[in-house]
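Each chain is listed here by its residues.
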Amino acid sequence: MPLEIAQRVDAKGLACPMPIVKTAQAVKSMASGQLLEVLATDAGSTKDFAAWCKTTGNELVESSAEGGVYRFVLRRK
Amino acid sequence: MTAVAEPPMAVADEPSVAPAPVTGDGGATKAKDVLIILYSGDLEKTWAAMILASTSAAMGVKTRVFVTFWGLPTFIKDSRRITGDNWMQKMLAFMKRPGMSHRKMSTMNFMGMGPWMLHCLAKQYKAAGPKELLEVAQALGVEFIPCQMTMDLFGLKREDFIEGMGEPVGAATVIGLMTEGSAPLFI
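Quick mapping for you: the protein sequence lines, in order, are chains V and H. So the number in our numbering is just where the residue sits in the first sequence, counting from 1, plus 4. So the number in our numbering is just where the residue sits in the second sequence, counting from 1, plus 214.
Think of the hints as simulated: they come from the structure by calculation, not from any bench. Wrong hints could be hidden among the right ones.
What the hints assert, rightly or not - Each computed DSS-like pair below joins lysine-lysine, with the alpha-carbon atoms no more than 30 Å apart:
1. V:Lys16 x H:Lys304
2. V:Lys26 x H:Lys310
3. H:Lys291 x V:Lys81
4. V:Lys32 x H:Lys340
5. H:Lys276 x V:Lys51
6. V:Lys58 x H:Lys345
7. V:Lys51 x H:Lys337
8. V:Lys32 x H:Lys337
Generate coordinates for the entire structure from the input sequences, incorporating the hints supplied.
This is the structure:
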């Protein structure tokens, strides 16, 4: 199933908690079911995004890391 | 008669013998809200409070920050230099400069060299500073509530504070929030 990204957040270089904060702000403007892609370089973000999704109820569709860049795809609940 | 009536009453008072709210996944008990009591005016503690407050709000948790004692002058406008009505209150403001931009470190302050270096490092590693985080927190709906008693003690008026500060309250409100299930955090 091809994933159609509705919005992107580039949080590369930003330190905690700004990737999460920017994600929360972006998700607010999205419709339910839409996908958000987040790129981050903060080493704590893999756990942080999982925790954020668990608490907020949004779905973590994809979580990957490549060359120090973490990529997350989230589905707005 | 009363002795017979009492035991069933006591049982009725505790309908849930099982531990109260438990989530479906993981079984972690979840607090409804987060309540940060910011007592300190130190740069590093204020910074930590701003990080936690903005993150908590970003996670969709209702977040309140009760600002009291040394934490209160932090929320005075940066442009205000001397506050208070009498000489003691004015002296206090003179010795401890109010405003988020004028926080000192509890250790290694070195006449402002410490905070300056910390801000340099934060810029280098793209960590948001306390002032930026305060703005983010306010934009995300974090409620900053001043302590009425400290306001009286320091001679502070509501117009001394930055925009968007909540209604001043007392300790009873804070304890009330805790008993209603707010996760408390004293910084």
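Worksheet item: Taking each numbered hint in turn, which are not upheld by the structure, reported in ascending numerical order?
Response: 1, 2, 3
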